[in-house]
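*Asks:* The C-terminal residue of the sequence shown carries number 719 in our numbering, and the numbering is unbroken.
What the hints contain is simulated information worked out from the structure, not anything from laboratory work. As the structure is a computational prediction, the values presented were derived from the model and not from experiment. Among the hints, erroneous ones may be present.
Stated by the list, open to error - Each pair of labels, with its calculated beta carbon distance range: (1) Ser301 / Lys592: 34 to 44 Å; (2) Gly395 / Ser526: 40 to 50 Å; (3) Gly644 / Gly403: 18 to 28 Å; (4) Gly611 / Met363: 38 to 48 Å; (5) Asp638 / Ala714: 41 to 51 Å; (6) Arg320 / Glu691: 14 to 24 Å; (7) Glu418 / Val545: 36 to 46 Å; (8) Ser526 / Arg320: 15 to 25 Å; (9) Met535 / Asp487: 35 to 45 Å.
Backbone N, C-alpha and C define an ideal beta-carbon position, used for all residues, glycine too.
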Amino acid sequence: MSDMSMLINGLKVTAEKGATFERRNPLDGTVATRAPAASPADAVMAVEAAAEAFKTWSQTGPTERRMLLLKAADALEAKVPKFIEAVGAETGGTAMWAGFNCMLAAGMLREAAALTTQIAGEVIPSDVPGSLAMGVRQPAGVVLGIAPWNAPIILATRAIATPLACGNTVILKGSENCPRTHQLIIEALQDAGFPPGVVNYVTNAPADAGAVVEAMVAHPAVRRVNFTGSTKVGKIIAMTCAKYLKPVVLELGGKAPMVVLDDADIDDAVNGAAFGAFANSGQICMSTERIIVDQKIADAFVKKFADKAKNLPLGDPRKPEPVVLGSVIGMSTVEHCNRLIDDALAKGAKLVCGEKATSTLMPATILDHVTPAMKIYHEETFGPVKCIVRVNGVEEAVACANDNEYGLSAAVFGGDIARAMNV
């Protein structure tokens, strides 16, 4: 079990009145982390520290910012074993998933480092003779990053890396589901030598999230907000930012389609579908959710896909044996997916792999012959339960792929590259 602190103005701090909350392991309920439960007053302290640090950090040259970000990337990679331990304990994620997160997050820090000398303005035509008009990009101020638990290292790093590269100071509000995992990112930035107040870290109990976030968004020093998470919470964040006229970037839910055309290499398509659908037990906003297969090859595809899914190792990620499918985040995911399975089966779908789960160790589950009448056709599962929709021809496949409210990601598999690109 980890006892941890927040970081405000370069100092490790506890919450007001010593308040804490616990994050428990989704598999056995043991306490994984005890973290500070920040109050709105604590959150305002973090904003004020970032605002004060902005005065000097915004004047820091691009070379210094680049060197610190490069050091942070190295420091983050050095913490891979700690990340693996924290991810397994807090969210039930696998070692493979934690390692993949670290690799991409380190790359994001290095990419941000490369941006420090690429921030350019422009010369604007002027109607006034003899005058010169210019547009100059300047640091905005304090940037609030609100990160999720599902790809915790990638998405928390993404929320703060580019703002730091551009001369902004940042506050990372960690997820209530993985406060220790997110703290390790902050530790890597501290190890790199970022000055006090440039990087701040706040954690809160789930019940206090709304008040803590609003306290920061409302503060005049916070100039930008970045949120990745569910569509439901994203709407609340959007309304809060609109209330205070704060620009916000949102990445929310998805129902990503994967189209398998009649000339696709079935083995390649199966491998792509298995990775897209079941990485991190399907708990990714860009996870493959609907697999749209041409009827001509559907039987062959479904058989091979089901065979592959049945052989994906499932188990406790904290144990030595490597697994592809670890635990999902909690029983609410299990209950949600089970309801979708029941609804689909009642309306004519066929279960070709897996089953309803009774614990957070959910097997890879595939439903065939899914139609628009079923809830799973439209609703994000955010778990390892995926559906196959059979179609006749390209036009029907495209119409099916577009038949949802999301637009986050998609994939097309086909043998004719020109045709697949056209789709």
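*Asks:* Does the structure break any of the earlier hints, and which numbers would those be?
*Replies:* 1, 2, 3, 6, 7
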